[in-house]
Amino acid sequence: MLAFNSAIAGIIVNVTCGCQAIYQLTSDGNDKLCSFRGFLLHTAAGLLYQTLCVQALHRLFVVVFATRRYLRSTKVMASITIIQWLLSITFGIPALIVGRIVYQSGSRICQASLTDLTIFLYLAMFIYFCPLTIIVLIYIRIVHFTKQHSFTTNIQHSPADQYRQRRELRFIRRLLIIVGVIFFMSFPYLIFFLRAQFFPHAESLPYAQRVSYVSLSFGFSMWMLLNLLFTDQKIKTHSFSSYCLILKSTMTTINIYCYVVFIILSITVQINSQICKKTSQYGECSTNSACGCFHMMDADDVGVCGFLWPTCSRLLRCNSSDNSCLQPNTICVHHPQCDDYPVCYPVTMIDQKMCPPMKNKINRKWKQNAITVAGGNGEGQELNQLKNHRIVEWKYNTKEGQIMAGGNGYGNRIDQLHAPTYVIVDQQNHSIIITDQGNKRVIQWLNLKQQILIDNIDCGGLAMDKYGFLYVSDYMKNEVRRWKMGEYNNKGIVVAGGNGYGNQLNQLYDPASIFVDEDQSVYISDTGNYRAMKWRKDANEGTVVAGGNGGGGNLNQLSKSSGVIVDDLGQIYVADWGNNRVMRWCEGKEEGEIVVGGNGQGSESNELYGPAGLSFDDEGNLYVADQSNHRIQKFEIIL
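Per my numbering, the sequence shown starts with residue 2, numbered consecutively.
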C-alpha cells in the first residue's frame with residue numbers, strides 16, 4: 002500500500018511540474034489561475050515528501066520495532082496515509098484563500114513568498130524541513146540499529162528480521178543514489194526559486210522557471226526509473242507492487258514524451274515570420290510571451306518576432322563585412338544577451354505558429370456608454386460614496402466599498418490621510434502605497450500598519466516599475482524622482498525634469514500622473530504645459546508624445562492633462578481633464594483621437610466631468626476616475 006501511495010504522489014508531482022513547464026512555453030503565467038497552479042505545486046511537493054516520510058516511518062517500524070507488529074499493520078498504515086493526504090491537501094488552502102500565493106515577476110510564476118513569516122513556516126516546516134528532517138533522522142536510526150544487530154541473533158530478532166535489516170542497508174545505499182539524482186536534477190529549480198525569493202526586484206530571467214521545471218520533472222522521472230531498476234525480483238512478482246511499478250513506468254514514459262515534445266517545440270522548423278515595428282529589443286510582439294522582438298541589421302526600429310529559447314552557443318556571428326549569414330535558413334539580428342556582435346538567428350524560430358502575432362489593437366474601440374463600478378452616489382461619507390480622504394476597495398459587482406486606508410478624517414496623524422491623489426499596490430507584499438498630497442508624504446499601508454516612505458515632498462503622481470523601483474512626481478520642484486524599494490532614506494534619483502519650471506524639453510511644469518513602461522521610460526502628464534512627455538531611461542530631456550500646442554479643445558491640444566497610461570503597443574492615453582474626454586495618441590503623430598467622453602461636461606453614462614486617473618484590466622476594458630462626478634466609470638471594449 003505504501004508503495005502504491007508513493008507511486009501516486011510521484012505521479013502527481015511529476016504531472017504538476019511537467020504541465021507547469023509546458024504551460025509556461027506559451028504563457029507568462031500571470032493569469033486568473035496563476036495562484037491555483039502555485040497552490041497545486043506546493044501541495045504536490047508537500048504530498049510527495051509526506052508520503053516519503055510515511056514510507057520511512059513504516060521502515061522504522063519494520064526494522065527497529067520488529068516485535069511490535071501492530072505498528073506496521075494495514076489498519077495503522079492506512080490511517081496514517083489518509084491523515085497525511087488530508088494534511089497535504091488542506092494545509093495550503095488558507096494560503097490560497099487569503100492571497101498569500103502571488104505572482105512574482107522575478108520568477109514569472111505564482112508561489113508563496115518566504116518573506117512572509119506564516120508562509121515561511123508553511124513552506125519550511127510543513128513541506129520541506131520537517132518531513133526531510135524526519136526522513137534523515139529515521140534512516141540514521143535504521144543504519145545505526147542495523148549495524149548493531151544485523152549480524153547477531155538474539156531472542157528478540159529472528160533470522161527473518163535480520164534479513165530485513167540487511168535488506169534495509171542495501172535499500173539505503175540505493176536511496177542515496179536516488180536522492181543524489183533528484184538533487185542534481187532539481188538544483189536549477191532550487192537556485193531560481195531562492196533567487197526569486199530573496200531578490201524579488203531583480204531583472205527577471207524569462208526562461209529560468211521553464212528550465213527549472215523541465216529539470217525538476219525529468220529528475221522525478223529518473224527517480225521512478227531507478228525505483229523500477231532497484232526493485233527486487235521477488236517484490237516485482239507481487240501483484241500489488243507490480244501495479245505500482247506499472248504506474249511508475251507509465252508515468253515515466255509519459256513524462257519523457259512530454260519532455261521530448263517540449264524540446265521539439267523549441268527547435269521545430271518554421272518559415273512564416275512577422276515584422277515588429279517600433280518595438281524595443283526583446284519587446285512584446287506575440288501572444289506567446291516566450292517570444293520577443295529581435296532588431297534586424299541595417300533597419301531602424303524594425304525587427305523580427307522570434308522565439309527566445311535557442312542556446313547562445315548555437316548562434317554564430319554574422320559576416321563582419323556585409324552582415325550576411327553563411328548558414329542556410331538564418332537571418333542576421335541583434336541579440337545582445339548572447340553576443341555584442343550581430344548573430345545569425347535561425348528562421349525556424351520566427352514562425353507565426355510559434356509566435357502568433359498580437360491582435361490588431363491599434364484601432365480598438367470602447368462602448369461609449371460606461372458602467373459605474375464605484376461611487377456615483379454623490380460626495381459623502383457613506384461606503385457607497387467617494388471624496389473622504391481615504392482609500393476604498395470596491396470588489397467586482399458590489400454596491401459599496403471597503404476602507405483600506407484612512408477613513409479617520411483628514412489630518413496628519415499616521416492613520417490619517419489628507420487629499421490622497423494616487424495609490425498603487427505592491428504585488429510583492431500586497432501593501433498599498435499612497436501619495437498623501439495634503440501631508441506632503443508618500444505612505445505605505447500594510448495590514449492596517451503605516452509607514453512613511455518619503456516625507457516632505459509635494460507629491461503628485463506615483464508609479465512602480467517591474468523591478469520594484471518607486472517613481473514620484475514633485476509638482477513644486479517640477480521633477481520626477483526614482484527610489485529603490487526599501488531605500489527611502491536618500492533623496493532619490495532625478496529621472497525627469499529637475500531644471501526648474503518651463504516648457505523646454507528638459508523642463509516640466511506642474512507634473513501630475515506618471516507611467517513607467519517595460520523599458521523604464523517615464524511618461525509624465527505635464528499639466529502646466531498642456532502636454533504629455535516621455536523620458537527614456539537616463540535621458541537628459543524628454544519628447545512630447547501628446548499635446549504641446551497650448552491649451553485648447555482641438556485634437557492636437559489638451560486642457561489640463563491629468564492621468565496618463567500606455568498600452569502594450571506604445572499608444573498613449575491621456576485623461577484630458579479640462580475637455581472632459583480621454584484621448585489616444587500614437588507616438589510621433591501630430592494629433593490624437595477621442596476614445597471616450599468628449600460629449601461635454603455632465604453625469605450621463607456617455608459624459609465625464611473632470612476625468613483624472615486611467616487604467617486597463619486584463620481584458621482591455623478602460624476605467625476612468627470621473628473625479629467631479631465622484632465615480633469610477635468602466636468603458637467595455639468592443640471585441
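There may be inaccurate statements among the hints.
[As the list claims (entries may be wrong)] For lysine-lysine, the following DSS-like pairs were computed, each having C-alpha atoms within a straight-line distance of at most 30 Å: (1) K279 <-> K366; (2) K485 <-> K441; (3) K441 <-> K279; (4) K388 <-> K478; (5) K561 <-> K492.
Honestly, the hints are just simulated from the structure, not real lab data.
Computed from a predicted model, the values in this text were never measured in an experiment.
These are the hints, each one checked on the structure:
{"no.": "1", "hint": "K279 <-> K366", "in the structure": "holds, 22 Å"}
{"no.": "2", "hint": "K485 <-> K441", "in the structure": "holds, 20 Å"}
{"no.": "3", "hint": "K441 <-> K279", "in the structure": "violated, 38 Å"}
{"no.": "4", "hint": "K388 <-> K478", "in the structure": "holds, 27 Å"}
{"no.": "5", "hint": "K561 <-> K492", "in the structure": "holds, 28 Å"}
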